[in-house]
Amino acid sequence: MKSFRKELWFNIPSRRAFINITPQVEDALRESGIQEGFVLVNPMHITASVYINDDEQGLLHDYEAFLEKLAPHEPTSRYQHNNTGEDNADAHIKRQVMGREVVVAITNGKLDFGPWEQIFYGEFDGGRRKRVLVKIIGE
Amino acid sequence: MKSFRKELWFNIPSRRAFINITPQVEDALRESGIQEGFVLVNPMHITASVYINDDEQGLLHDYEAFLEKLAPHEPTSRYQHNNTGEDNADAHIKRQVMGREVVVAITNGKLDFGPWEQIFYGEFDGGRRKRVLVKIIGE
Amino acid sequence: MKSFRKELWFNIPSRRAFINITPQVEDALRESGIQEGFVLVNPMHITASVYINDDEQGLLHDYEAFLEKLAPHEPTSRYQHNNTGEDNADAHIKRQVMGREVVVAITNGKLDFGPWEQIFYGEFDGGRRKRVLVKIIGE
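Chains as they are written, first to last, in this note's numbering: chain U, 1 to 139; chain A, 1 to 139; chain E, 1 to 139.
Note that these hints are calculated values from the structure, not bench results.
Each hint can be trusted.
The list treats identical chains as interchangeable, and a pair is accepted whether it falls inside one copy or across any two copies.
As a list, the in silico DSSO-like pairs of lysine-lysine whose alpha-carbon atoms are at most 30 Å apart:
#, residue 1, residue 2
1, Lys-130, Lys-2
2, Lys-6, Lys-110
3, Lys-2, Lys-110
4, Lys-6, Lys-130
No experiment lies behind these values; they were computed from the predicted model shown.
Modelling step: build the complete structure from the supplied sequences, incorporating the hints.
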């Protein structure tokens, strides 16, 4: 069994954004040389998500509106977590709804995807440097 | 390390449905001959989920009602994604709430499950042929 | 490829609680001797979650409040699942929102985590003995 590890770095200027990171994960897979196995992609932070869905601007807007209605950023005083001096309790909730991580099958050296699957980094508390971990195991 | 890959095909006539696919995943596991490892099960589409929960009709009704209240199909004009000519923005949202994929442990050649765990295909935009990927790695 | 399996047992007296189980998962990883690979952690029950987020009491309160508003326990008659004699339909829903399982990378014999990542057991229908499965594959 072989394993491969790579960190992707992001610094999103806005509080929230969705970034298609499929090309970076494909690069990591090529570097690994692994032909059959699994790739795990997850943020190393707890106010961000990695998820798989469509790269369509209207949908990204709909996700933003859905999540902000479900767990609004303001008033920040509605969340006990924000008594710690943080203002990002909503981001911890939004990340749970969208999920932390994805595991993707690798077949013949490629991400084993259907036609529309794309890997996204979902940032819910931006304005600082954050990492995504790509870990691949296989042969 | 061994790996095994199989596609399961579905064509759900209704817009939404929950289908217990545990027997098909168990068939794939037997075909693979793998005794220890992980199985990844995921739709190859972005308006469907694979998740693990109870095979109880009342609960499946409750999931349907919960998701439809959270992200209603209509009016379809409430979602920007539907400006593309699609009417399935709600399905992209419902799939995120229920999750994309499951990873299940394989022990002694079996799905390592508690007494009530069952694998479901959750369709949120039916009426066409769709695939589920079963990928197994191990020994 | 090596594999390792361990069950963690819990009996949460209250209906709902969030328990940091990172030390127990680290213990299992040490016992396994595996240096590079993946660990899967999942409840073997369908009214509980394993998820990764912050070990901060205010946030745990915020999760509880968010989930109870989204899928209230009462009136229990609002859920068809509860016609079976159960009263835990809400727990099956809460578990889907928080997710079933986590997969964590193992690098150099350690959980490959960012600074704040902690693994939690989320109980939504306590008062009985339940298990969490830790399954590790790698080398």
